[in-house]
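Student: Below are the chains, spelled out letter by letter.
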Amino acid sequence: MMNIFKKKYQWFLRIKHFLVLILVMILMASVNSLYAYSYHQESDSQIQHKFQKQREQNNKKNKLIFEFYGGYSTLNPSDLHTGAQYSENFYDWYYEDRYQHYSSAYSDYFHFTGSKTGEFQKINNAFPIGFRIKFSTSQRVAFSLGFQYISKEEISNIKYSYQVRSAIPDEPHFVEDYTRVIELSPLSISIKGYTPLLGIHYGIPLSRSLLLEGFVTGGLLFARFRFNGTHTFKETNIYEYWEESIEEYEYKGKGIGYSLGTGVRAEWLAVRNIGLFIESGYSFQKAGRIFGPGVYDYCYSDSNAPQICEPTDSWEGYWGLSSVSLSREWGEFSGKRLGAYRAKTKVAVKNFHLDLSGFQLRIGLSIQIR
Amino acid sequence: MRFFKYIFFCFLIIFSALSSSNQSVLAEDLEDTTTYSELDQLLAETFRIDIKEITVTFDYYPDDSYAEGKASIIFQMRLGQTIPLIHFDPALRYDSILEIKLNGEHLNFYDTSDIQVVEFEGSTQKAIELQRTLPQNIDHTLEINYRLFLPEDYPRFSPVVHDLQGRGNEERFPTLNSPEELCRHILDFKVHCQKPYVFLGSGLVKKMDSLSTQHWRLETEQEVASYTVMFVLVPEEDFVYEEREINGIPVRMAAFENGDSIDEAFAQLEEWLPELEENLGPFPMPRGLSVFLTSIYGGMEYYGATISSLEALKHEVFHMYFGCSTVGKTYRDTWMDEAINEWYEHSVDPDFYSMSSSYMSNWVGGRSPISVGFDSRAYNEGSHIMQAVAERLGGRQEMIAFLSYLHLNYSFAPFTTFGFLDYLKSYSGIDMKNEFINWLYNGNADYPDYTDSYHELIKKDLRK
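Chains as they are written, first to last, in the working numbering: chain P, 1 to 370; chain W, 371 to 834.
Rather than coming from a laboratory, the hints here were simulated on the basis of the structure.
Hints are supplied without guarantee of correctness; some may be wrong.
[Claimed, not checked] Capping the alpha-carbon separation at 25 angstroms, the derived lysine to any residue pairs in SDA-like fashion look like this:
| no. | chain 1 | residue 1 | chain 2 | residue 2 |
| --- | --- | --- | --- | --- |
| 1 | W | K496 | P | D297 |
| 2 | P | K234 | P | L184 |
| 3 | P | K336 | W | Y749 |
| 4 | P | K122 | P | K192 |
| 5 | W | K496 | P | D177 |
| 6 | P | K336 | W | V718 |
| 7 | P | K234 | W | P605 |
| 8 | W | K684 | P | W330 |
| 9 | W | K496 | P | Y300 |
| 10 | W | K565 | W | P605 |
| 11 | W | K684 | P | L220 |
| 12 | W | K565 | P | Y109 |
| 13 | P | K116 | P | S245 |
| 14 | W | K684 | P | E329 |
| 15 | P | K63 | P | G146 |
| 16 | W | K496 | P | I308 |
Take these sequences, add in the hints, and give me the full structure.
Tutor: Printed below as a string of structure tokens:
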């Protein structure tokens with residue numbers, strides 16, 4: 001129960017900035033409605049005059065605008081998913097596929113109960129927050145300097161649990177009778193992106209208080225990832241033999257890449273110098289040459305020996321994905337596993353990219369300073 | 371002519387005097403070296419007996435899924451030991467024993483004044499202790515008649531050996547589950563069934579004349595560890611069987627009709643056996659190789675035999691040199707078989723790296739010398755340790771030359787991990803004691819002050 005609460009609380013913390021922003025905007029909207037109501041007390045000509053004057057003043061000088069926003073972004077850091085999902089894919093193949101195959105190919109000799117529960121949780125979205133300072137050089141064109149932060153963590157809990165009795169005649173050990181439980185729990189992936197951005201904005205006033213804008217942004221992406229997991233394996237057989245192993249690892253890395261974005265937005269000038277905006281667009285954000293440390297711990301025990309742990313294995317290097325291909329009688333397996341291989345074993349690997357690209361929908365608040 | 375006869379007679383007397391003096395020197399040396407080390411003492415206290423010969427007659431009833439065994443074990447008590455024991459696990463799980471006799475005296479398996487089940491700290495292997503005090507230096511005979519219940523799923527009768535888990539042939543006949551306990555095995559298999567059967571096994575296998583049963587006799591001829599003895603009985607109608615000779619080595623192979631290809635397996639061995647012979651020496655088993663080819667991945671090596679899939683075949687056949695002839699003294703020392711085997715396979719890759727000098731672990735030292743099974747790190751970490759040895763020796767070819775020396779000189783003379791280091795040092799002058807103690811004993815092990823190598827050389831000389 002505490003864990004559930006803790007998890008929810010962490011999730012809440014992660015989006016709290018975004019919620020605060022929404023609350024501020026709701027507050028501003030209500031202030032604006034009050035403000036608008038006060039205007040209604042005046043005559044229409046008075047109002048028109050006021051806006052006209054305001055706009056004229058605005059057009060006379062360059063403007064400095066502060067913008068704060070939060071929003072939603074689709075994400076698919078595919079290399080991280082590929083590397084982190086390797087274990088699940090491998091166990092799916094090694095246990096689920098194998099047992100299913102034996103069960104149908106040797107239906108008289110192979111019986112198992114049990115299955116997999118849980119599945120790998122991908123990072124599909126995140127809630128970016130950011131701010132920018134815009135400097136308008138004309139009525140329609142503005143330049144901006146901004147900063148965006150995006151982060152997300154996903155935790156998976158996967159369990160494979162089986163009771164197996166095998167007496168396949170065409171098998172080296174012939175008779176096996178065991179229970180086997182494998183847990184990948186927790187299996188956590190997280191990303192973080194820090195993006196300083198420069199932007200060009202082109203605005204078209206649709207009415208006195210409504211502005212449509214297109215923008216292009218570009219900048220650097222400072223990306224980070226973390227992948228950590230605990231794998232436990234336990235098997236007990238009819239010969240009173242049991243074995244248990246625990247693997248724990250944490251991989252971290254960071255790298256610098258680029259961020260290019262484009263989109264459109266609508267802004268509503270709610271009060272004299274405060275506007276609310278909603279913007280949508282696509283950001284290409286990708287970092288390569290991800291460098292960082294890895295830590296791996298392994299402990300093993302069986303009925304014949306006490307638990308013996310390996311010394312903590314730690315290393316640093318450029319992260320990569322290396323291909324693994326296996327072939328067994330129940331099928332083929334191919335996967336890509338994550339590792340800082342180049343530093344450790346000099347195995348040639350595909351470069352590992354941290355791709356934080358995605359569609360973004362942002363809403364925010366702009367404050368104009370004269 | 372009479373003069374020459376006289377000269378010849380004198381020469382004979384002198385020669386016999388000289389040779390008897392040589393023998394007495396050897397006997398004295400042996401006496402000196404048989405002062406038991408701590409390890410030998412521990413092994414003696416745990417295993418108690420020294421088996422000379424195991425004879426078992428199996429009457430196998432495939433239709434009823436059971437076999438009856440009549441086992442006779444000839445043994446002597448080990449130094450300082452008086453109460454014998456034996457390993458036979460089925461008797462501990464179900465009502466298996468029909469009759470038990472020690473030196474002709476009937477014992478009651480269920481009477482604790484006759485039999486007790488004992489355990490030893492550091493091992494999960496339970497032993498059947500026979501509550502009788504026996505004198506040393508004379509042969510004793512233990513006879514056990516028993517029944518084995520076999521799986522009903524399919525009429526295959528074979529061992530269920532799993533060395534990694536520490537399971538040996540004590541699941542099939544009374545013996546000692548210890549790699550250092552080498553003895554001759556004579557196993558008779560009588561199949562009580564109309565269906566023709568195929569038999570494959572370790573060592574010399576003879577089809578016996580019998581009117582009422584299908585009868586085979588397996589003789590290991592050589593003294594071997596019981597867990598390396600293979601036999602397989604399966605219905606002939608489901609199998610293909612073929613015999614060929616490769617490089618002068620007789621190879622017998624059986625596989626399921628629709629299973630893995632015998633031709634592919636032979637093709638593998640056509641290259642593999644000559645390579646092994648060239649690199650490591652003549653094939654160690656004079657009766658050749660028996661292969662029970664299975665389709666499902668995996669395998670288990672036995673003396674002159676293997677039950678193996680096509681993918682694992684080379685690995686298992688390599689074990690004929692290391693694992694089935696050059697053997698570890700205790701289960702925890704058998705990591706070397708797998709390490710050498712994996713090293714041989716992977717070290718062809720120039721990027722195969724050696725174990726880091728900073729690596730520290732305890733996967734040999736953390737296990738008791740009397741425990742059964744070994745640590746699975748033997749395969750991966752072990753192979754990198756062997757690569758470190760190879761690098762110290764100068765490379766792959768130099769390591770192979772050392773392995774060949776090791777195999778040719780120390781086959782069937784079980785040695786410990788430290789024995790391996792002794793042999794390495796005597797062969798090359800390279801001392802890797804400190805590295806091995808860090809890698810395998812967490813930096814903390816008492817290197818025995820006796821030399822295994824001397825000890826084993828004496829044993830080997832005696833065998834000759």
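Student: Each hint should be assessed against the structure and marked as holding or not.
Tutor: Each hint, compared with the structure:
Among the hinted pairs, W:K496 with P:D297 is inconsistent with the structure: their alpha-carbon atoms are about 33 angstroms apart, more than 25 angstroms. Only pairs whose Cα atoms come within 25 angstroms are accepted, and P:K234 paired with P:L184 is accepted, the gap being roughly 12 angstroms. At most 25 angstroms may separate the alpha-carbon atoms for a hinted pair to count; P:K336 and W:Y749 meet this at roughly 23 angstroms. As the CA atoms of P:K122 and P:K192 are separated by approximately 15 angstroms, the hinted pair is consistent with the 25 angstroms bound.
With a C-alpha separation of about 20 angstroms, the suggested pair W:K496 and P:D177 falls inside the 25 angstroms cut-off, and the hint holds. For the hint linking P:K336 to W:V718, the alpha-carbon distance of about 24 angstroms falls within 25 angstroms, and the restraint holds. Distance restraint check for P:K234 and W:P605: the Cα-Cα separation of roughly 36 angstroms exceeds the 25 angstroms cut-off, and the hinted pair is therefore not satisfied. For the proposed pair W:K684 and P:W330, the alpha carbon gap of about 21 angstroms is at most 25 angstroms, so the pair holds.
Pair hint W:K496 plus P:Y300 holds up; C-alpha atoms about 23 angstroms apart against a cutoff of 25 angstroms. A distance of roughly 7 angstroms separates the Cα atoms of W:K565 and W:P605; the hinted pair therefore holds under the 25 angstroms criterion. Between W:K684 and P:L220, the direct Cα distance comes to roughly 54 angstroms. Violation of the 25 angstroms bound is thereby established for this hinted pair. Note on W:K565 and P:Y109: the hinted pairing holds, with a Cα-Cα distance of about 21 angstroms set against a maximum of 25 angstroms.
With a C-alpha separation of about 19 angstroms, the suggested pair P:K116 and P:S245 falls inside the 25 angstroms cut-off, and the hint holds. Of the supplied pair hints, the one linking W:K684 and P:E329 holds, its CA atoms being roughly 18 angstroms apart against a limit of 25 angstroms. Of the supplied pair hints, the one linking P:K63 and P:G146 holds, its CA atoms being roughly 16 angstroms apart against a limit of 25 angstroms. Our distance criterion of 25 angstroms between C-alpha atoms is met by W:K496 and P:I308, whose separation comes to about 23 angstroms.
Checked against the numbered hints above, the structure breaks hints 1, 7, 11 and satisfies the rest.
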